[in-house]
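Input sequences plus hints: build the corresponding full structure.
Which chain is which? The protein sequence lines are A, B and C, in order. Throughout, the working numbering is defined as the position within the first sequence, counted from one, plus 35. For the second sequence, position 337 (counting from the first letter as 1) is numbered 336 according to the working numbering, and the numbering increases by one without interruption. Throughout, the working numbering is defined as the position within the third sequence, counted from one, plus 10.
Simulated from the structure, these hints should not be mistaken for lab results. One or more hints might be untrue.
[As the list claims (entries may be wrong)] Partial list, computed: chain C residues near chain B (C-beta under 10 Å): (1) D103; (2) Y233; (3) V234; (4) N235; (5) P244.
[What the hints assert, rightly or not] With beta-carbon atoms standing in for the labels, derived distance ranges: (6) C/G83 / A/A51: 54 to 62 Å; (7) B/D75 / A/K332: 23 to 31 Å; (8) A/P95 / C/L173: 18 to 26 Å.
Cβ atoms here follow ideal geometry from the backbone N, Cα and C, with glycine treated the same way.
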Amino acid sequence: MSGRRHSAIAGLAAWADAVRHDKRAAAGAWIIGFFILLAVFGPLIVNDPNELVGMPLQPPSAEHLLGTTGQGQDVLAQLVVGTRSSLLIGFSVGLTVVFVGALIGVTAGYLGGRVDAVLSLLFNVFLVIPGLPLAIVIAAYLPAGPLTIGFVLVIAGWAWNARVLRAQTLAHRNRDFVSAAIVAGESNWRIVTAEILPNMTSLLVSQVIGGTVYAIGAQVGLEFLGLGDVSAVTWGTNLYWAQNDSALLTGAWWTFAPTGLCVALVGFGLTMLNSGFDEITNPRLRLQRAWRAYLIKRGERPGRSTPVVAAGEDHA
Amino acid sequence: MPKPLLDIRDLCVDYITDAGPVRAIDHLDLTVEPGEIIGVAGESGSGKTTLAKALMRILPPPAVISGGHIIFDGEDVCEMDDEQLRKIRWRKISMVFQSAMDALNPVISVGEQIADTLLAHSGGPAEVPDEVLAHSGGPSENPLIPVGEQFVDTMIAHDIGSDEWARDRAGELMDLVGIPKDRLDSYAHQLSGGMRQRVGIALALAMHPKVVILDEPTTALDVIVEREILERIRDLQRRLGFAVIFITHDLARMLQVSDRVAIFYAARLAEVGPAAEIKSAPRHPYTAGLLRAFPSVKPGKEEPVSIPGQPASLRTPPPGCRFHPRCPRATDICSKEKPGPTVIGPGHTVCCHHTEK
Amino acid sequence: MRYLLKRIGFYLLAAWVALTLNFFLPRLMPGDPATALFARFKGTLGPEALEALRETFGLTDAPLIIQYFTYLGHVLQGDLGISVAYYPSPVLDVISSGLVWTILLAGTAVIVSFIIGSLLGVAAAWWRFGRIDTIMPPLSALLGAFPYFWLAMVALYIFGFQLGWFPLGHAYGDGVTPGFNFAFIADVVRHAFLPVGTVVIATIGGWLLTMRNTMVSVLGMDYVNLARAKGLSPTRVALRYAARNALLPSVTGFGMSLGFVLGGSLLTEIVFSYPGQGYLLVQAVRSQDYALMQGIFLIITFAVLGANFLVDLVQLWLDPRIREATS
Numbered sequence: 036m037s038g039r040r041h042s043a044i045a046g047l048a049a050w051a052d053a054v055r056h057d058k059r060a061a062a063g064a065w066i067i068g069f070f071i072l073l074a075v076f077g078p079l080i081v082n083d084p085n086e087l088v089g090m091p092l093q094p095p096s097a098e099h100l101l102g103t104t105g106q107g108q109d110v111l112a113q114l115v116v117g118t119r120s121s122l123l124i125g126f127s128v129g130l131t132v133v134f135v136g137a138l139i140g141v142t143a144g145y146l147g148g149r150v151d152a153v154l155s156l157l158f159n160v161f162l163v164i165p166g167l168p169l170a171i172v173i174a175a176y177l178p179a180g181p182l183t184i185g186f187v188l189v190i191a192g193w194a195w196n197a198r199v200l201r202a203q204t205l206a207h208r209n210r211d212f213v214s215a216a217i218v219a220g221e222s223n224w225r226i227v228t229a230e231i232l233p234n235m236t237s238l239l240v241s242q243v244i245g246g247t248v249y250a251i252g253a254q255v256g257l258e259f260l261g262l263g264d265v266s267a268v269t270w271g272t273n274l275y276w277a278q279n280d281s282a283l284l285t286g287a288w289w290t291f292a293p294t295g296l297c298v299a300l301v302g303f304g305l306t307m308l309n310s311g312f313d314e315i316t317n318p319r320l321r322l323q324r325a326w327r328a329y330l331i332k333r334g335e336r337p338g339r340s341t342p343v344v345a346a347g348e349d350h351a
Numbered sequence: 000m001p002k003p004l005l006d007i008r009d010l011c012v013d014y015i016t017d018a019g020p021v022r023a024i025d026h027l028d029l030t031v032e033p034g035e036i037i038g039v040a041g042e043s044g045s046g047k048t049t050l051a052k053a054l055m056r057i058l059p060p061p062a063v064i065s066g067g068h069i070i071f072d073g074e075d076v077c078e079m080d081d082e083q084l085r086k087i088r089w090r091k092i093s094m095v096f097q098s099a100m101d102a103l104n105p106v107i108s109v110g111e112q113i114a115d116t117l118l119a120h121s122g123g124p125a126e127v128p129d130e131v132l133a134h135s136g137g138p139s140e141n142p143l144i145p146v147g148e149q150f151v152d153t154m155i156a157h158d159i160g161s162d163e164w165a166r167d168r169a170g171e172l173m174d175l176v177g178i179p180k181d182r183l184d185s186y187a188h189q190l191s192g193g194m195r196q197r198v199g200i201a202l203a204l205a206m207h208p209k210v211v212i213l214d215e216p217t218t219a220l221d222v223i224v225e226r227e228i229l230e231r232i233r234d235l236q237r238r239l240g241f242a243v244i245f246i247t248h249d250l251a252r253m254l255q256v257s258d259r260v261a262i263f264y265a266a267r268l269a270e271v272g273p274a275a276e277i278k279s280a281p282r283h284p285y286t287a288g289l290l291r292a293f294p295s296v297k298p299g300k301e302e303p304v305s306i307p308g309q310p311a312s313l314r315t316p317p318p319g320c321r322f323h324p325r326c327p328r329a330t331d332i333c334s335k336e337k338p339g340p341t342v343i344g345p346g347h348t349v350c351c352h353h354t355e356k
Numbered sequence: 011m012r013y014l015l016k017r018i019g020f021y022l023l024a025a026w027v028a029l030t031l032n033f034f035l036p037r038l039m040p041g042d043p044a045t046a047l048f049a050r051f052k053g054t055l056g057p058e059a060l061e062a063l064r065e066t067f068g069l070t071d072a073p074l075i076i077q078y079f080t081y082l083g084h085v086l087q088g089d090l091g092i093s094v095a096y097y098p099s100p101v102l103d104v105i106s107s108g109l110v111w112t113i114l115l116a117g118t119a120v121i122v123s124f125i126i127g128s129l130l131g132v133a134a135a136w137w138r139f140g141r142i143d144t145i146m147p148p149l150s151a152l153l154g155a156f157p158y159f160w161l162a163m164v165a166l167y168i169f170g171f172q173l174g175w176f177p178l179g180h181a182y183g184d185g186v187t188p189g190f191n192f193a194f195i196a197d198v199v200r201h202a203f204l205p206v207g208t209v210v211i212a213t214i215g216g217w218l219l220t221m222r223n224t225m226v227s228v229l230g231m232d233y234v235n236l237a238r239a240k241g242l243s244p245t246r247v248a249l250r251y252a253a254r255n256a257l258l259p260s261v262t263g264f265g266m267s268l269g270f271v272l273g274g275s276l277l278t279e280i281v282f283s284y285p286g287q288g289y290l291l292v293q294a295v296r297s298q299d300y301a302l303m304q305g306i307f308l309i310i311t312f313a314v315l316g317a318n319f320l321v322d323l324v325q326l327w328l329d330p331r332i333r334e335a336t337s
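Dropping the structure here:
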């Protein structure tokens, strides 16, 4: 039990390390932190986003910092309120695709044999079937709303995680601690939950982050198509209305620019968090960094051939 | 005494880690004479492979050479830039990697990989005459270099630098190591372990180098193939006259093959001397221990006796003589002072406070 | 050869899964599938016409298994039903009118993006910590985070609407006659430039990062070390001995991300009123034209499966180990 907790904590600690030591991971964490605060407290501060507050399509002014929509609503209020549902769906879908992916991928990798063959075939098929068109077709039959969006995004997105987690499980399965547990007669369920999954903690976190990036992007896309609840206020429906109200052709850039920037910032922040983590945990990348810093400190340029550093310190 | 072909002086190599540099080769002095086979032995992690790659300056990050000189044919490899290095690599010094499976590119046929090497150095016909003069004009160190001349002849006789020439020459090299020419178009995964390693040797000989480094060339092979490969190397070495630096952890095998032997322990040289002397009268307690651990050297006489204790850690090496925690002769001085090299005979040097038997 | 047969078998299976999904979707959904499918026809069509449509979709009173085979039979004959949005055109006709544009747009974008992105990735890894390696990964991660269609809106707004450098939409102008003539091709290129460009910008970072990371590990391999030790020129080491090997995982990823990129490209079409599948798809969604929607899903799936097969051929050509393992 302590072993399980220990490796799970080690996995999370690696993330904390990345945020502390890698500039990009830190930047990502700040961005995400800001948007989470905005999602939690923002809607309490701004006015009702559906209220008609002025003339339609007014450019940004002191009164309406980001102007008004084609209906005459405040763009800033819509943006802030939209953050909440977009992030909520994003993170929930991110978690769910990893959960489903883990369920199927780990089962396939751990049990192997025929179960593996069937499950692998299943996720490989779902990998080649284009996700967005599938999501659209399913969403079109279901009542519009966040549940539908979340559901179709999970259907279209789980396969990738299953594939990666299966490969990872296979790698773990052959390690000594798992073999030892099998010999010791522990149950499959216990081996998976106590020995294998905790050792994949950091990978799972990285997958949830990647899944969230996917979910936020795809959700905005589906809602832009009009497959969401168009009366709700989300980032996607904001863009849907901007397109519908011909914002482009009337030059009303403020109705679509801020929303897209926010989507991109969240995606960027999450991606930075992930790549910063990679940089910190990949031993090759990390050593190269240390090596380079060492050379630069001594006035040498890292080159292709093994560098020669003048006088190194002497070791005992 | 003639100048050595390769003169390694006071060489230090560090691996840079988060916790600072870790020394993998510590103040090494070693020479290689033309045409000799020198064996380098030691436990894994003692710096053998590091030495091999450092000599060619191909140690990948995070390694740095942190001092010393590698004088090759009168020039210091440590002072060369990339372009100068490119010119001596393979032409003068080449290497057979530990695992040919890893060292051969999986998606390029072995013939092309050999041909590539030849083309990289042919530099077009204009450059050839110098090469020709260098090899056939001057007094050569070894009177028996027919294949070297054959190489030069081939270059003159054929359209040097063309793809066809390179392919022909690659075929000859394959022949030299006993692989049928029709395997030129094979890929690494299609060859047996022994064949792959022989391709590695063919590659190493492609430019008729003066020194060939063999980095544990037979670890991945079974005993029969291993012997076949080693005999092949001996034979080629006699015919072509190159010097060999033969790196292995298998002391017994090495003593059969080498003229001289250097024993490494924890990044430092423990003992270097003629193979026969080392075999019959090792002076460093570590060498003696290694000999007892590989009893095949003296067949039937002894049971294998392993050296007690763990190999020294390079991160936190023991003070003084690094072998002292495992050494039966250790006294107070051993844990305090690093033993300097003591010359105890012609070409025989030992780093130990207690060289007397 | 066995490898290719295996792949073909896999794609046939995937196609069958897509067909089956298509068949069951309307039947699994709440309510009467026929009502859902034909809701929009009510009033426009007489009862006999509706009955004929039900027949096409196999929505009869026959047992499910019979319905299923009726449906498969119709699809195999190219009968995907009648479009509501473009009544009374058959779905297949509607789709084929836009297919070439979608393939042109997505195909060009994905190939251009893959080539440029992979080259930049090679450069970033080769000159590790250099300028490309410092600037490009975060920059392309930022660009890649924007929704494709949003970049399309911005590009259209700036370069089409404000600066007037590019047309505001469609695949070609009214003034040119479609055909193999210079004026037409030039006009098509001019119209495709912005949509292709935005998809390229949005997707380039993915290829760059994948290629950079594999290339960094490949550069640490012994075979690259040996290539360097052999005295090969740096460009030869980089391209022939490292990049080619690093390309293999990228090519695998290329196949798998085709569907994803295509999705983004469909949304881009909508912004540019580009007459491809994306544009048709949004028409279908707006007019609840389920037959058209499902038809598009099928055709796009088939196209992606076909493209994946082409990727397999490339893979086979690049990696001799695959050839070997299966012969």
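Cross-check of the supplied hints:
Look at C/D103: its Cβ only gets to about 45 Å from chain B, farther than 10 Å, so that hint breaks. Hint status for C/Y233: holds, given a least beta-carbon distance of 4 Å to chain B, under 10 Å. Interface hint status for C/V234: upheld, as the beta-carbon distance to the closest one in chain B is roughly 8 Å, under 10 Å. Of the supplied interface hints, the one on C/N235 holds, with its beta-carbon coming within about 6 Å of a beta-carbon of chain B, less than 10 Å.
Interface hint at C/P244: satisfied, since its Cβ lies 8 Å from the closest Cβ of chain B, which is below the 10 Å cut-off. One distance hint, 54 to 62 Å for the beta-carbon pair C/G83 and A/A51, holds here, with the actual separation near 59 Å. Distance hint check: the CB atoms of B/D75 and A/K332 are about 24 Å apart, consistent with the given range 23 to 31 Å. As the Cβ distance of A/P95 to C/L173 is approximately 22 Å, the hint placing it in 18 to 26 Å holds.
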